[in-house]
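The sequence shown begins at 1 in the UniProt record's numbering and counts up by one.
Derived by calculation from the structure, the hints in this document are not laboratory data. Hints are not guaranteed to be accurate.
[To be verified] Okay, derived cross-link-like pairs now, DSS-like style, lysine-lysine, Cα gap no bigger than 27 Å in a straight line: (1) 56 - 89; (2) 76 - 56; (3) 110 - 127.
[Stated by the list, open to error] Label pairs and their in silico Cβ distance ranges: (4) 242 - 193: 31 to 37 Å; (5) 243 - 187: 24 to 30 Å; (6) 146 - 18: 51 to 57 Å.
Virtual Cβ for every residue (Gly too), placed ideally from N, Cα, C.
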Amino acid sequence: MCDTGLSLQKISELTRIPKTSIHDIVTLFNDCGTVQNLPRPGRKPKLNEPNNQQLKWVTQIGRQESLNEITNLIMKEVSSQMVQRVLHKEGIFSIIAVVKAHLQPQHFDKQLAFAQAHVDLLLEEWKKVIWIDESSFELLKNPTPTRIWRTQGFYDTEQSSLIIMGPNACQTQGFIDNVYLIGLLPFYNHLQQQQQEPQCQVFMICEDNALVHTSLLSCQWKDSQGIVKFQWPSNYLDLNPIKNAWKKMKVIVHKQFHPKALPKL
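Hey, can you work out the whole structure from these sequences and the hints?
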């Protein structure tokens with residue numbers, strides 16, 4: 001249009017484009033011979049498109065690989081921060097893996113019934129609930145949560161079957177002897193004896209729904225000892241405050257000096 005002799009104001013009226021924008025376009029064409037945006041000045045990126053595709057492929061086949069391990073697989077002198085920026089640009093982030101199974105429809109009914117049954121429970125009654133838990137400590141195992149690489153909005157619907165081999169898959173009797181008999185029973189009896197009024201409500205034990213707690217042998221043993229259990233629905237919110245204590249203790253143990261021989265253990 002400029003070659004036809006039209007003014008910038010006339011071109012702006014015909015195209016309904018601001019006059020300043022038309023002026024910038026004409027100036028860019030006169031200076032560079034094109035209206036396309038020129039490449040930005042500066043050094044070329046160290047990671048090209050094939051490298052970016054390789055990063056995406058690595059995070060798909062090795063979802064639990066650490067950022068440093070992925071950086072070493074690129075075979076280029078790049079920092080882990082650069083690799084992280086590329087993955088974030090592709091929409092891939094490192095998140096904590098889900099430990100518990102997702103809620104099923106039958107869980108909603110049980111949890112709703114539990115909430116409705118205990119909505120009027122008084123504070124004095126909650127004080128009778130004893131939250132207990134057990135944990136194992138491993139010196140050479142990192143206690144931090146497992147992290148995986150995943151794109152935003154992705155949910156893996158693939159299900160795997162659980163196979164339990166043999167009758168000794170759950171050592172309930174050993175758990176009763178080492179945890180209930182040595183740790184729980186003396187503590188529970190001591191609390192009951194400390195009550196000033198015998199007619200008061202007895203203490204109730206609240207546990208998670210692990211197999212060692214819900215097995216028939218464990219339930220029979222607790223009934224024989226007069227231990228009252230506070231029923232907690234499956235996959236319900238874990239309100240046990242001792243979970244946080246276990247996590248901090250495991251981190252402290254992991255940071256200590258690790259024995260490298262049996263005599264030092």
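Hint check results:
1. 56 - 89: holds, 11 Å
2. 76 - 56: Distance of about 16 Å is within 27 Å: holds.
3. 110 - 127: holds, 23 Å
4. 242 - 193: 31 to 37 Å: Violated - the Cβ-Cβ distance for residue 242 and residue 193, about 23 Å, lies outside 31 to 37 Å.
5. 243 - 187: 24 to 30 Å: violated, 18 Å
6. 146 - 18: 51 to 57 Å: Holds, at about 55 Å.
When each numbered hint is compared with the structure, violations occur for hints 4, 5.
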